[in-house]
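These protein sequence lines are chains Y and V, in that order. The first sequence stops at residue 207 when you use the working numbering, and every number in between is there. The second sequence stops at residue 134 when you use the working numbering, and every number in between is there.
Be aware that one or more of the hints could be misleading.
Below, in silico cross-link-like pairs of lysine-lysine (DSS-like), each with a Cα-Cα straight-line distance of 27 Å or less [what the hints assert, rightly or not]:
(1) Y:Lys-119 with V:Lys-81
(2) Y:Lys-131 with V:Lys-69
(3) Y:Lys-111 with V:Lys-32
(4) V:Lys-81 with V:Lys-134
(5) Y:Lys-117 with V:Lys-96
(6) Y:Lys-93 with Y:Lys-117
(7) Y:Lys-111 with V:Lys-96
(8) V:Lys-69 with V:Lys-96
(9) V:Lys-32 with Y:Lys-117
(10) Y:Lys-46 with Y:Lys-131
(11) V:Lys-52 with Y:Lys-119
(12) Y:Lys-89 with V:Lys-97
Counterexamples of contact, computed for chain V against chain Y with all Cβ distances above 10 Å [as the list claims (entries may be wrong)]:
(13) Ile-9
(14) Glu-36
(15) Asn-41
(16) Lys-52
(17) Leu-53
(18) Val-84
(19) Gln-91
(20) Leu-123
(21) Gln-125
(22) Gln-131
(23) Lys-134
Hints were generated in silico from the structure; no laboratory data involved. Just so it is clear, CB atoms sit at the ideal spot from N, CA and C, and this is done for glycine as well.
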Amino acid sequence: MIRYSIVIITAISIFMVSCKEKTPPALPKLGFKKIVDGEEVDHFVKDWSFMNTDSAIVTNKDLSDVVYVSDFFFRSCPTICPKVAREMKRVYKAYEDNPQVKFVSFTLDPKRDTPQKLKEYAANLQVDTDKWWFLHGDKDETFDLTSEYMQIGYEDEDAPGGLDHSGKLILTDKEGHIRSFSEGTDPDETPKLIKDIKTLLKEYEEK
Amino acid sequence: MRKNNQTYIFLLLAAITILHQGCDQETYAQGKRLYEAHCENCHMEDGNGLAKLIPPLQNSDYLKNNQDKIACILRHGQNGKVIVNGIEYNQEMPGKKYTAVQITNITNYINNAWGNDYGVTSLEQSSISLQNCK
């Protein structure tokens, strides 16, 4: 009898503890720390400026009121890009009506992916370029930016399409910190990213 | 008696081998492996393609009605506009130096995957098609 009671009490305690954990833990700030003015601060994405599909210049400061999901791609990419784009669109669909979330795709092949070509690409992907930016800029600056978003991108003659790059979807907060990511080639990881965006938005609601 | 036993064991092993092969024999397994390696990144695991960028192979009137072109498209790629199920696509598809055997296997896989029922091609047919590529 006593043994039963102990089991029941333990079970109830476990239930109560799990009930308490309703609010998910805050998302970490990912990446190596940076040194700014001699002080160690959390990693943040450095300033950038690129051209959008209307050939207007946009910068990371234009994204300081939203959280955004970004990836690196190129239109003629014969490998992972279409799958990454599909997962990106899944996340886009989940937040289509939420103005606090935007999407940013940087092309790694600016020579061929002109703003006009990217505009066509967006139309064919059937997404709105106000909400999902397709950005064109200096090639070296773009490759340089991949590491800022904790990704890899480099030219490789042997790679299909001449470029090798990772296909992560990166979630960046309003302050430019990277807060979550998913592997764009793995559809099973996408729901977690969709949930993490919700968690991140909550953080701003509570402020 | 001993000989009998040996016969039984032999029969049993033979039966297991045959059954085992039966389990492994997925339809068009070779074509499926090739599809996964070379086609799936764009046409997707369900053959649905992507929006208006990459045309579907599943339930695709283009695939169904252009069986004589498939071999050449696989080997030489495709450029320019195509209309699939009433939607226009214009994204370059790269070709690859597949052998006629590989092309036959891929064709038979996509012709019969995801509920497609577009028939079966032979090595002979694929080879003839390949000789007539434009």
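The hints, checked one at a time:
1. Y:Lys-119 with V:Lys-81: holds, 18 Å
2. Y:Lys-131 with V:Lys-69: violated, 39 Å
3. Y:Lys-111 with V:Lys-32: Given pair Y:Lys-111, V:Lys-32 is violated - Cα atoms ~35 Å apart, limit 27 Å.
4. V:Lys-81 with V:Lys-134: Between V:Lys-81 and V:Lys-134 the Cα gap is close to 17 Å, so the pair holds against 27 Å.
5. Y:Lys-117 with V:Lys-96: holds, 25 Å
6. Y:Lys-93 with Y:Lys-117: Holds, at about 23 Å.
7. Y:Lys-111 with V:Lys-96: holds, 24 Å
8. V:Lys-69 with V:Lys-96: holds, 15 Å
9. V:Lys-32 with Y:Lys-117: Not satisfied, since the Cα-Cα distance of roughly 33 Å exceeds 27 Å.
10. Y:Lys-46 with Y:Lys-131: holds, 22 Å
11. V:Lys-52 with Y:Lys-119: Cα-Cα ~13 Å, so holds.
12. Y:Lys-89 with V:Lys-97: violated, 32 Å
13. Ile-9: Its Cβ never comes within 10 Å of chain Y, the nearest being 45 Å, so this holds.
14. Glu-36: holds, 12 Å
15. Asn-41: Its Cβ does come within 10 Å of chain Y, the nearest being 6 Å, so this is violated.
16. Lys-52: Given that some Cβ of chain Y is not farther than 10 Å from that of V:Lys-52, nearest at about 4 Å, it is violated.
17. Leu-53: Nearest chain Y Cβ is 5 Å from V:Leu-53, so the label is violated.
18. Val-84: At roughly 13 Å from the nearest Cβ of chain Y, V:Val-84 sits farther out than 10 Å, so the non-interface label holds.
19. Gln-91: At about 8 Å from chain Y, V:Gln-91 fails to clear the 10 Å cut-off, so the statement is violated.
20. Leu-123: The claim stands: V:Leu-123 keeps its Cβ more than 10 Å from every Cβ of chain Y (closest is about 27 Å).
21. Gln-125: holds, 27 Å
22. Gln-131: Correct as stated: the minimum Cβ-Cβ distance to chain Y is 26 Å, above 10 Å.
23. Lys-134: holds, 22 Å
The structure fails to meet hints 2, 3, 9, 12, 15, 16, 17, 19 from the earlier list, while all remaining hints are met.
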